[in-house]
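Got chain A; can you put chain B on it based on the hints?
Residue numbers (my numbering), protein chains in the order written: chain A, 6 to 276; chain B, 6 to 276.
You can't tell identical chains apart in this list, so a pair holds if it fits in one copy or across any two.
Taking lysine to any residue and the SDA-like style, the derived pairs with C-alpha atoms no more than 20 Å apart in a straight line are: (1) K75 - D42; (2) K75 - N122; (3) K75 - R85; (4) K75 - G119; (5) K19 - N91; (6) K146 - G73; (7) K32 - A108; (8) K235 - M200; (9) K75 - A108; (10) K253 - N105; (11) K32 - N105; (12) K32 - G104.
Just so you know, these hints were derived from the structure itself, not from any lab.
Quantities reported herein were computed from a predicted structural model and do not represent experimental measurements.
Number of protein chains: 2
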Amino acid sequence: MTREELIRQIRAKKSFLCVGLDPDVEKMPACIAGEEDPIFAFNRAIIDATLPYAVAYKPNTAFYEAYGLKGMAALQKTIRYLHGKNVFTIADAKRGDIGNTSARYAKAFLSPEGDFNFDAVTVAPYMGQDSVSPFWSIPDKWVILLALTSNPGSADFQTCSECTPPLYRKVLETSSQWGTEQNTMYVVGATKAAMLQEVRRIVPRHFLLVPGVGAQGGSLEEVCENGLVKDDIGLLINASRSILYASKNTDFAHAAGMEASRMQQQMSRYV
Amino acid sequence: MTREELIRQIRAKKSFLCVGLDPDVEKMPACIAGEEDPIFAFNRAIIDATLPYAVAYKPNTAFYEAYGLKGMAALQKTIRYLHGKNVFTIADAKRGDIGNTSARYAKAFLSPEGDFNFDAVTVAPYMGQDSVSPFWSIPDKWVILLALTSNPGSADFQTCSECTPPLYRKVLETSSQWGTEQNTMYVVGATKAAMLQEVRRIVPRHFLLVPGVGAQGGSLEEVCENGLVKDDIGLLINASRSILYASKNTDFAHAAGMEASRMQQQMSRYV
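Excised from the complex, chain A in its bound form (with noise of 0.2 Å):
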């Protein structure tokens, strides 16, 4: 999905709404984890509740991998019902590694061809430019490349005070360098809101994708005042578990849709 593309699914919605897809059976209800593929299962009812509220979907897939080959099976179905439904899909997979390998896990992720095509992955900048690359071979893809995350351990090296420049904003100095607006996003959390003036001085219009509002604490307001781009909105907010376990009974789909409707009423102000 191309940057036009995505601002226009944004305005169709009135919604910039990540829906972070991190499936935990021990947190689903029990008519959902009795099913064959209780993962997929779940993945299927949120999004169909989400759907109207939501441009983009986010399955982390660590969340995937903990459960074997059975569950990168149950990503497989949940990206390819994903398709065609005119959402950005996003593989929070933060790899990364040298030119011939990073290559390979762009293949796995983005290929049309291979098992999953979303249309973007998060990349873990720390192994430099030729870790990075590979992921813009591929026509029409997107990195997301980590900035400033919305963890406590941020602040060890990405914003540690005794590093000059800070490490996050040498990563988006030197990154924006790469890539473009049109295939380049960078992942900064809500938690960070604070800081998000300083990295739009830096990267005026590149879209963001900010984790940590809900669960974790961030503002929506504070991000979206700090951090909007005129025109083109600029920034995918992203909530997994206040929208995924909203309710633990049979009702959490419709729960699910009630948060994220909640959510897209407030995002609507801003497009």
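Structure of chain B alone, referenced to chain A:
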């Protein structure tokens, strides 16, 4: 496998060779490429041929994920084939995410109840302590943290000259406080042998996993001269392509064994 057991294996085989199992069907001889599961057939032949000369095996997950679900099934067969062979097994996965997500990756790769049950997993440090520590929650398992990688892109952030302190040094200094020599190793590329003295100043006794000898051009002698730990060796030197594709003909396994034997002979002088 504990540090003591690993050192015992190194002494027994007079080798600190790690064989990187990075299967590429296009590089395999036709007799293997036609098998029902060519990846596993290839790996099994390579393992059988190199087992007398190697103490560790390191499948890079990208090379399996690139073949989708079939590739992951081949990875499972490969790790099961390695179990019971008294070798140290490394999932070269370069994972890392927020705490609750890294716990899923730990389960995926290290859990004795999971599909893989590796001894160790490679982890990218960008997201800090809470992205790394969940991998230590499973007893007797190892984190192998990226420090100084062998690729050109390592100059972008890890050794970037305008960054103070250099990122790889900050990562070594900070993360060596998180784990111990019993559960932590570091990736330090053989192409950076001249910097090994600096690495050893910060982590004098940690095991280092050293890729980049062979196809990437690093020197085994230089690595040993600068990186060996007195008594405990403290090195696992990885070779992938130079062993796997020593011959592209039907004698590929024999040629792989010869190349592994050649490296083991070089190493035996240091054990």
